Amino acid sequence: MKKSLVALGVIVALGAVWTGSAWYTGKSVEEKAQEHLTLINTQFAGLESAGGEIKFDNLSIERGIFSSNVTYDFIVKLPDTQVKVPFEGTLYHGPFPLDRVAKFDLVPTLLSSNDRIVKNEETQAWFDYAQGKNPFESQIKIGYDSTFSGQAKIAPVKFDLIDADLLWKGIELKFDKVTEGGIGKSQAIIEGLKLVVDNTDDSSKAIVEINNIKIDSELQRSEWEHIPAGRQSALIDSFRVSLTERDMRDFNLEYRNMSFDANTKIENTSVNYELVTKAPEMLVNGKTVGDLDAKFKLENLDGKAMNELLAILDKNPDYEPLPEEQIQALAKTILQNQPLLQVDPLKLTTDAGDLKANLIIEMASGNFDVLEQGKVLELFKQLALNIDLNKNALVKLVAMVEEANGVTKEEAMLAAEQMVNVMFEEAIQQGVLVDSEKSVNLGLLLENNALKLNGQAIPEEQILMAVVLFFLGLGY
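Note that our numbering gives residue 50 to position 57 of the sequence shown, counting from 1, and the numbers run on in steps of one.
Don't read these hints as lab results, they were simulated from the structure.
No experiment lies behind these values; they were computed from the predicted model shown.
Watch out, some of these pointers could steer you wrong.
[Said to hold, decoys possible] Only pairs whose alpha carbons sit at most 20 Å apart, straight line, appear in this in silico SDA-like list of lysine to any residue:
#1 LYS146 with ASP121
#2 LYS112 with GLN75
#3 LYS297 with TRP217
#4 LYS167 with ASP121
#5 LYS297 with TYR266
#6 LYS258 with LEU291
#7 LYS374 with LEU457
#8 LYS167 with GLY223
#9 LYS187 with GLY163
#10 LYS112 with GLY125
#11 LYS271 with LYS297
#12 LYS288 with LEU376
#13 LYS207 with SER131
#14 LYS308 with ASP121
#15 LYS112 with TYR122
#16 LYS288 with TRP217
#17 LYS112 with ASP66
[To be verified] Between beta-carbon pairs, the in silico distance windows are:
#18 GLN319 with ALA443: 33 to 39 Å
#19 GLU365 with LYS70: 26 to 32 Å
#20 GLU418 with ASP337: 24 to 30 Å
For glycine and all other residues, C-beta sits at the position ideal for the given N, C-alpha and C.
Generate coordinates for the entire structure from the input sequences, incorporating the hints supplied.
Set out below in structure tokens:
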């Protein structure tokens, strides 16, 4: 009997602790909710300078012991229109939210949230298009470490904009211990997006269609706030752009089975970036062009300076001038770390031949004072550029575009041959390009303190002039 009373006492005590903890969590949520919305809204603040505004507003919480009812609005203001989407939800208080306990999830959690869109006159069309489903539903749990896990689903929707229609076919988002800054593991699956832009003035139309997009992100914190380490990737079944103009044949460009793979690695005090992109099938008006393959590397970037630079860009309002002296000082620090830019391969493989190039630039110094002494090449540790363009592949590619404009296949081939010849004629005569039987080539190489173009040394005065013209072109 005494043991039963003790057990009952323990259960009552635990229940009291749970109830008290749940009540306190609810009180804490009420106090912190507006603070979190304000933080999120600051991330949208940059749109104000572009004439738009996105924000969460009108937060209201009705607190209970084990759960709270919450309502809020998501507001989008554009120069020509305003959209307000009302949301409602239930916040289940931790440490053991009732909705998680019902699923036998007994991991201590700050809170669990189930949100959805409210049906009203403004959202009725979205509900109708979603065929009875709620256009947006989310189940998210927030841990005591402020990370969130769960999922969200967005039903198909169509937006009728001015001179344009936007349609997405459905989106599913998954999160696993993700921070507000995107650190953690997440996935987005988008069934499709379609944008149709009509120009009534000239009867032209542009259509952009993207089907079956899968985006994965797995990022970890680093010692620098704005530089997370990890991998992000995207797979796209098809990406298609179609153009229609009056008195012109329709033109479309399509990529199939595209992939992007981005990696950020931290090594000691440096940051290394890598981007690999592939498009095994590239088509123009339904005809296969070839296989696109590219790989970009940016290595040996000073992590501290890069983090400071990204912080400035993140905090600087859009269309506002950047702090020039600070940017230049950070750029000099980054260049002093001898960064490396490498593009290899950059290649389009076709049945007629390959169009390919590679590039490598490795800095030796960030001391631009050497330019005043005319010693441009002292800035570089490595510098090389190689371009190899198969003539038949070039002609075929240009002919495809010409044929897409409505000319016959024979006329397109003839025009393409003439265009390719004219395109490179002057460069070949000046020795910039080398013409061989099957291809056009360019080779630029820094070797033995001399920059050689196709094996011939370029006077350093000409190099300096080219650098000066380059910076003038950038507006310096």
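(message) Hinted pair, alpha-carbon criterion (20 Å max): LYS167, GLY223. Please report holds or violated.
(response) 18 Å, holds
(message) Does LEU457 sit within 20 Å of LYS374, going by the straight-line distance between their CA atoms?
(response) 17 Å, holds
(request) Please work out if LYS271 and LYS297 have their alpha carbons no farther apart than 20 Å. (result) The hint is violated at about 32 Å.
(request) Using the Cβ atoms, figure out if GLN319 sits within 33 to 39 Å of ALA443. (result) 36 Å, holds
(request) Starting from LYS112, check that the Cα of GLY125 is at most 20 Å away, please. (result) This hinted pair holds, its Cα atoms lying about 11 Å apart.
(message) Just to be careful, I want the Cα atoms of LYS288 and TRP217 compared with a cutoff of 20 Å; is the pair within it?
(response) Violated. LYS288 to TRP217 sits at ~25 Å, over the 20 Å cutoff.
(message) Taking 26 to 32 Å as the stated bounds, is the beta-carbon spacing between GLU365 and LYS70 within them?
(response) Since the Cβ atoms of GLU365 and LYS70 sit about 51 Å apart, the hinted range of 26 to 32 Å is violated.
(message) Against the 20 Å threshold, does the CA-CA distance of LYS258 and LEU291 hold or violate the hint?
(response) Holds: LYS258 and LEU291 sit about 11 Å apart, inside 20 Å.
(request) With a cut-off of 20 Å on the C-alpha distance, tell me whether LYS167 and ASP121 pass. (result) Between LYS167 and ASP121 the Cα gap is close to 25 Å, so the pair fails against 20 Å, i.e. violated.
(message) Check the hint pairing LYS112 with ASP66 against an upper bound of 20 Å on the C-alpha distance.
(response) Holds. LYS112 to ASP66 sits at ~12 Å (cutoff 20 Å).
(request) Given the hint that LYS288 pairs with LEU376, test it: the Cα-Cα distance must not exceed 20 Å. (result) 17 Å, holds
(request) Mind checking the alpha carbons of LYS112 and GLN75 for me, to see if they're no more than 20 Å apart? (result) Roughly 17 Å separates the two Cα atoms, so the pair holds.
Going down the numbered hints, you'll see the structure goes against 4, 11, 14, 16, 19, while the others check out.
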